[in-house]
Structure formats: C-alpha cells, structure tokens
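Undergrad: As a plain string of letters, each chain reads:
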Amino acid sequence: MGIISRGFGGRRRESVPGLPPGQYLTHDFPVLSAGPTPRVPLDRWRFTITTETGEKTSWNWSEFQALPAEDFTVDIHCVTKWSKLGTTWRGVSLDTLLGDVESSADYTMAHSFGGYTTNVPMEDLLDGKAWVVYKFEGEDLHPEHGGPARLLIPHLYFWKSAKWVTGLTLMPEDEPGFWEAAGYHMYGDPWREQRYQGD
Amino acid sequence: MTATSTEEFEDGATLDGNAMAGDLREVFAVDVTSARYMCAGCRHTDAVATLRLWNRAPGLVARCPNCEDVVIRVVRAPDKVYLDLRGSVRLEVPLEGV
Amino acid sequence: MARTAISGRLIWRAATLAEAHWETPTARTLVLDVPDWPGHLPGQHVDVRLTADDGYSAQRSYSIASSWPHPQNRVELTIQRLDDGEVSPYLTDTVEVGDQIELRGPVGGWFVWRETQTAPVLLLGGGSGVVPLMAMIRARATAGTKQPFRLIYSVRTPTDILYAEELRRRVRDDAGLDVHYVYTRKTPDDWSSPPKRIDVAALNTYGWPPDFAPDCFVCGPTTFVEAAADILVALGHDPRRIRTERFGGTS
Chain A
0 MGIISRGFGG RRRESVPGLP PGQYLTHDFP VLSAGPTPRV PLDRWRFTIT TETGEKTSWN
60 WSEFQALPAE DFTVDIHCVT KWSKLGTTWR GVSLDTLLGD VESSADYTMA HSFGGYTTNV
120 PMEDLLDGKA WVVYKFEGED LHPEHGGPAR LLIPHLYFWK SAKWVTGLTL MPEDEPGFWE
180 AAGYHMYGDP WREQRYQGD
Chain B
0 MTATSTEEFE DGATLDGNAM AGDLREVFAV DVTSARYMCA GCRHTDAVAT LRLWNRAPGL
60 VARCPNCEDV VIRVVRAPDK VYLDLRGSVR LEVPLEGV
Chain C
0 MARTAISGRL IWRAATLAEA HWETPTARTL VLDVPDWPGH LPGQHVDVRL TADDGYSAQR
60 SYSIASSWPH PQNRVELTIQ RLDDGEVSPY LTDTVEVGDQ IELRGPVGGW FVWRETQTAP
120 VLLLGGGSGV VPLMAMIRAR ATAGTKQPFR LIYSVRTPTD ILYAEELRRR VRDDAGLDVH
180 YVYTRKTPDD WSSPPKRIDV AALNTYGWPP DFAPDCFVCG PTTFVEAAAD ILVALGHDPR
240 RIRTERFGGT S
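Residue numbers (numbering that gives the first Met the number 0), protein chains in the order written: chain A, 0 to 198; chain B, 0 to 97; chain C, 0 to 250.
Honestly, I wouldn't trust all of these hints.
Stated by the list, open to error - Below, a list of computed lysine-lysine pairs in the BS3-like style, where the Cα atoms sit at most 30 angstroms apart: (1) A:Lys83 <-> B:Lys79; (2) B:Lys79 <-> A:Lys55; (3) A:Lys55 <-> A:Lys134; (4) A:Lys83 <-> A:Lys128.
Worth flagging that the hints you see were computed from the coordinates, not collected in a lab.
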C-alpha cells in the first residue's frame, strides 16, 4: 500500500459484512466497457446456441420474448471490487434455452456483439443459476449495461455476465475468453476471490 | 475514419495510448508508446500512442483506430502485469540514443 | 538529460506540495517537490496515485506543465476540476501545502517536443489540453532556441484561459511565439467573430502553411483532437508530423 493521501476518500463506498472478500458496496451502477457500445437493432438481434457438433438453435427477438421469463433479485460482484446488492432483473433462464439442446459439452463460450467472449462451465449455467436478461429494475436494459440482452451469472464475477450477448458455443474443453486470456481467472468465484490466474 | 465509427469511438474511448505509458514502463525499460504496432486485423501501422484506449474496464484495452480490433490488453494483478499482444503482428521499438 | 528522462527504472515517488495557485476558478497548479526527479521532456506526463486510509486507491495521468530544468527543481501540474470526478476535486480543493501524493514518471516518449527539432511548431490545444503545450513553450524559452512557435488555443470563455498572463508576457518577450484564441461559448467583448469551434479558417490564418512542414502537436478532448487533426490533414499537413494526445477530461 502506498502513502496515505491526507483527506482523500475516493468514491463513496462501504465495506459491509457479508460481501465477498475485498469487495466494497456501491449504490450506483458503474459502467465498464472494453470497447465501443454496440447499438443492436431488435430486428437484427439473434441468440444462437452452437453445440460441439455444430448444430445451431436460434431465437430472434420476438421468439425470445415468447419464451417463459422469470423475475428475480440477485447481488452482483465486479472484479474491480464493487458489489451491488438486490438488483432486479427479468430474463430467460439458461435451463429453458439449453433444455432441448443435445450436447455432452462441459464448457461454454459466450459471444457478444463487438467480439467480446467469456468462458463458463456448463454446470454454472444450469439449475437456475444463469439467465439471458433484458430488463433491469423494470426497464428495458440500456445499451451501456448490455442491452438489448446480456448474460447474467450472479454467482461469478460480473465480467462473466457478458453484455450484448449473441450466443453460446458449447465446448468439450475449457478455453479462455477475452479477459481470461489476458490474465483473469478461468472460473472467477468472488467468494474464493478468484480474480487473476493462480488465485 | 467514417463518421459512424468516430461516434462509436466517442462512446467510451476518451483516452489514447499515451495514457498507457506508465503501466507499460512498469514492464519495459523503454517507452513502448513510441513503438509502432502493426494491427493483426487490418495491418494498419502507427505509434502505440495513437491507439484508442478503454480504461474503465478490468484492464486496459487498446484498439486500432482504423479497424477497432483489440491490439494490446494490459491486466494489472497485485504482483504481476499481464500483457496480451496477440492483436499486434509486431512492435517496432525505437532504441534511445542509438 | 533527455535520455535519462525516457529510460531508467520507474518507481512511485512521494511528492510534497510546495506551492499551489489557481489558474482559473476551476483549475489549480500544483508545484511539487519530488526528490531525485530525473528531469523530463515537455509533453511527458506523470501518473498520480492517491490512497485512502482504508487502502482504496485511485490513479490518473496528468501532463507536466513546467519545463526542466526548473528554478526550484520542482515539477508543476495543472489540474482542471471535474465536479463529478474522483481525483481532480481532491487535487484542486483538498490537498494543501505540505501534503504528500504519490507520483510516477515522467512517462510517455511520443507526444514530446525536443529542443533539437528544428522545424516550426504548431500547437493546438483544447481546454486543459494546453497544459503539455505550455510545457513546450516554456521549454523553448528555457533552452533559448529560436524555432517559431504558434499556439491556437480553444477555450469556452475568456475566464477559462490557463496561463493567460504568462502567455501575454511571453508573446511580448519570447521572440517567435504567437498565440491565437478560439472561443467556443463566449468571446471577449471586443472580439471580431462570434463563438465558434476550431475550423479551417483559424488554422489557415493562424497556423503554419503545410509548405513550412511544421511539427504539429494537438491535445484536448477527443472531439477537439479529431476535428483539429482532420483539418490539418485536409489542409495538406503530413500526418506523420501530427502528434495527438486525447484525454477525456481526467476525472
């Protein structure tokens, strides 16, 4: 730790019990991005699951909206150390999306408009642990937060919840995505503080 | 550069490669922002200082001003720096005083 | 000196605020004592790191405003306050003489002017983008060299001008230095044109012709830098002689 700058507080933040190690509580919703924010017209939107054999299952926006949706409230934890509690979302469970897909793959890669990728084990997408969401706090998801639709996997660091998600590729072996290839942890469990490779 | 892509760059990239100088100098003995990169995506070449920089992210993401592909990623862990250069075919680094 | 400014191991140094003064109602110059400062080239910047008592820290880059050598061996930064910022309001409103901040640098070897460059120089500054350009103007005076310098400085209103008095004095005393202002929101009362953004006319009238092959330095917010650099290229300036630095209003 460097020398203390007298009187420097920094952004308002709270260290509260019950957060994952090293996290601060924030009440706003910081926008992090690694590139230009895509503006995706709904008539061009598709979500596609591609299996390890190359079979594709795909939904356009109206087909996707017709799927059974869930409203739920979760905490989110960003690797840049902010946590936000009690966020409310609406979206389609990955159990629904993967339900009819024939696959024995243990790993997946999420892909986004703009080229972002992140890898997630299949079991972390199933059993009510992950969604493709399109509403936040009752409103359409804003592009800067990943709209029209983003992945949401609240039990992993938030970089796994890919913004502007376009689909999943199912893979027999784990492969690193955008940040994982650049030094971040392959799995990213905030409760075990798996920020960087080797954590 | 087209007007459209300029608008997109406005959307977040308020800095350029100059601002990476400090983090890169933790790793290298020379100033890498003066080096010329060649973009692996479009073969555009210019100084690293001219890359568009996204820093409100878990790391630094430097993109080619010509094609927007990622050229350099820098991730700072407590005890090490990860430098991902796969978006650059090569770096041409001037040597001071030669 | 110039060589050691670029190479050598980079460390965080504890800098002590020796003096401070306001340049405008929202911009403050910090004059820092930095032990063993290796010297720097005009256009280089430093990274500033602030650490709260719970270990939280924030880091930003700031251009160096002063030239080197400096009469008191100090390093000057000019900080523009951004009201919703995290670091700049601390540096403008909270830090006091005697306080310490951490500083790493000098860094950056591309957006720099060296006194050995013989070409005329065209400086285009938008807002606090004038800071590294001021370092170049000061370095030219310190070195006593004769390259003709022209600064075109885009500001919102006359009260936003950084270094207004010093620029007035230098235009009078530093032979071969010209300064022209472009006002984007409000002009002085006796100004001949309405507020406008930097344009072809300003660069044609107050810049150097491309035939003179000037070294061009453009610094400011992204929109300013894009506009100014595009105009320079359209006027026929060699893109290889145009160096740019964008900052997003460092918060």
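Undergrad: Failing hints, ascending?
TA: Hint 2 contradicted; others consistent.
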